[in-house]
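Visitor: So the chains spell out like this:
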Amino acid sequence: MKDDRDYTQDIAEIRSMMERSSKFLSLSGWAGIMAGLYALAGAWVANSWYNFYPDEISYETSSLTEIVWLALLILVMALVTAIYFSWRKAADRGEKIWNAVSRQLLASMAIPLAAGGGIILILVSKGLVGLAAPLMLLFYGLALYNASKYTIAEVKYMGTVQMGLGLVGAWFVEYGLLFWALGFGVVHIIYGVYMYFRYER
Amino acid sequence: MSGDKRVKLSIGNLHKAFENRIRLGIMSALAVNDRLGFTSLKEFLDVTDGNLATHIKKLENEGFVEVEKSFIDNKPNTTYSMTEKGKKAFEEHLNVLEEIIKSQK
Numbered sequence: 607m608k609d610d611r612d613y614t615q616d617i618a619e620i621r622s623m624m625e626r627s628s629k630f631l632s633l634s635g636w637a638g639i640m641a642g643l644y645a646l647a648g649a650w651v652a653n654s655w656y657n658f659y660p661d662e663i664s665y666e667t668s669s670l671t672e673i674v675w676l677a678l679l680i681l682v683m684a685l686v687t688a689i690y691f692s693w694r695k696a697a698d699r700g701e702k703i704w705n706a707v708s709r710q711l712l713a714s715m716a717i718p719l720a721a722g723g724g725i726i727l728i729l730v731s732k733g734l735v736g737l738a739a740p741l742m743l744l745f746y747g748l749a750l751y752n753a754s755k756y757t758i759a760e761v762k763y764m765g766t767v768q769m770g771l772g773l774v775g776a777w778f779v780e781y782g783l784l785f786w787a788l789g790f791g792v793v794h795i796i797y798g799v800y801m802y803f804r805y806e807r
Numbered sequence: 150m151s152g153d154k155r156v157k158l159s160i161g162n163l164h165k166a167f168e169n170r171i172r173l174g175i176m177s178a179l180a181v182n183d184r185l186g187f188t189s190l191k192e193f194l195d196v197t198d199g200n201l202a203t204h205i206k207k208l209e210n211e212g213f214v215e216v217e218k219s220f221i222d223n224k225p226n227t228t229y230s231m232t233e234k235g236k237k238a239f240e241e242h243l244n245v246l247e248e249i250i251k252s253q254k
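Residue numbers (my numbering), protein chains in the order written: chain A, 607 to 807; chain W, 150 to 254.
Chain A with its partners taken away, still in its complex shape (with noise of 0.2 Å):
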């Protein structure tokens, strides 16, 4: 055995081998401020182009399978973002971006989110237009809540932030679209303005 062995290296692999199975540490503040601006440019544009406004939660539009549509295509681009950017951080910190803790972090997303589009499914093929949008903010704060315990805590306030602008956003239902832009919206943006100063300036 070495005697000038570096001890604080040791300790230094025994902390980061801790964190690095027990939390995904790659997500990118880049991919919140992204997701932030696509959010905010598809409300403007369901609200301008399409007319989207719903103020009772019985809400007609003609143009409702466009706005299926383009809430659709927002998640899959800020996916894409998001994959991306983690992608990169991983591939930086020499993390694998797919192991046991990413596919905790997807898994415990992913059962509230699916029962969450589940309901909101149902309820707009009924005609209950106006619960989708604090519905989502509900659903995506549950999915961000449960998740907390396999990332960086922060993400367990984005999710009770989100929660509270889902429940405000009910009750004010003819705020609702306006309460979607900024939990979509500008707490993605903050999140990911304070995850670039915080962690990765």
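Some hints could be false.
Straight-line distance between alpha carbons at most 20 Å, and here's what the computed EDC-like set of lysine to aspartate or glutamate pairs gives [said to hold, decoys possible]:
| no. | chain 1 | residue 1 | chain 2 | residue 2 |
| --- | --- | --- | --- | --- |
| 1 | W | 237 | W | 168 |
| 2 | A | 702 | W | 198 |
| 3 | A | 702 | W | 195 |
| 4 | W | 251 | A | 619 |
| 5 | W | 207 | W | 195 |
| 6 | W | 237 | W | 209 |
| 7 | A | 629 | W | 195 |
Rather than coming from a laboratory, the hints here were simulated on the basis of the structure. Nothing here was measured: the structure is a model prediction, and the numbers come from that model.
Starting from the known structure of chain A, fit chain W onto it as the hints suggest.
Guide: Just chain W now, with coordinates in the frame of chain A:
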């Protein structure tokens, strides 16, 4: 940095099983996870199958790591966890490391 008698003594107290960084990594990962599968450990440590298996065997022989073999959908599934003895040894190892670093300052 190295002439200190206390340091020498402390280094002697470090468990040989933890000299190797891969074994140290396995123990660290198992310290924060109740159980881990072979593939998960392999991904975290970025080592080959053979290499990982050898080091796990060593830890198993020390009585630090426990192996559980089961079947999920007819596929063999091997998971590893830390024994009480392993936990104690790992904690002690951390304490000794801490002392060495303190005395080096």
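Visitor: Is the Cα-Cα distance between residue 702 of chain A and residue 195 of chain W 20 Å or less?
Guide: Roughly 9 Å separates the two Cα atoms, so the pair holds.
Visitor: Does residue 207 of chain W pair with residue 195 of chain W here, judged by a C-alpha cut-off of 20 Å?
Guide: Holds: residue 207 of chain W and residue 195 of chain W sit about 18 Å apart, inside 20 Å.
Visitor: Are the Cα positions of residue 702 of chain A and residue 198 of chain W separated by 20 Å at most?
Guide: holds, 17 Å
Visitor: Holds or violated: residue 251 of chain W with residue 619 of chain A, Cα cutoff 20 Å?
Guide: holds, 18 Å
Visitor: For a C-alpha distance cap of 20 Å, please report whether residue 237 of chain W and residue 168 of chain W respect it.
Guide: Holds: residue 237 of chain W and residue 168 of chain W sit about 16 Å apart, inside 20 Å.
Visitor: Would the pair residue 237 of chain W and residue 209 of chain W pass a check requiring their Cα atoms to be no farther apart than 20 Å?
Guide: Within the cut-off at roughly 15 Å; holds.
Visitor: Does residue 195 of chain W lie within 20 Å of residue 629 of chain A when you go C-alpha to C-alpha?
Guide: holds, 17 Å
Hint violations for this structure: none, all hints satisfied.
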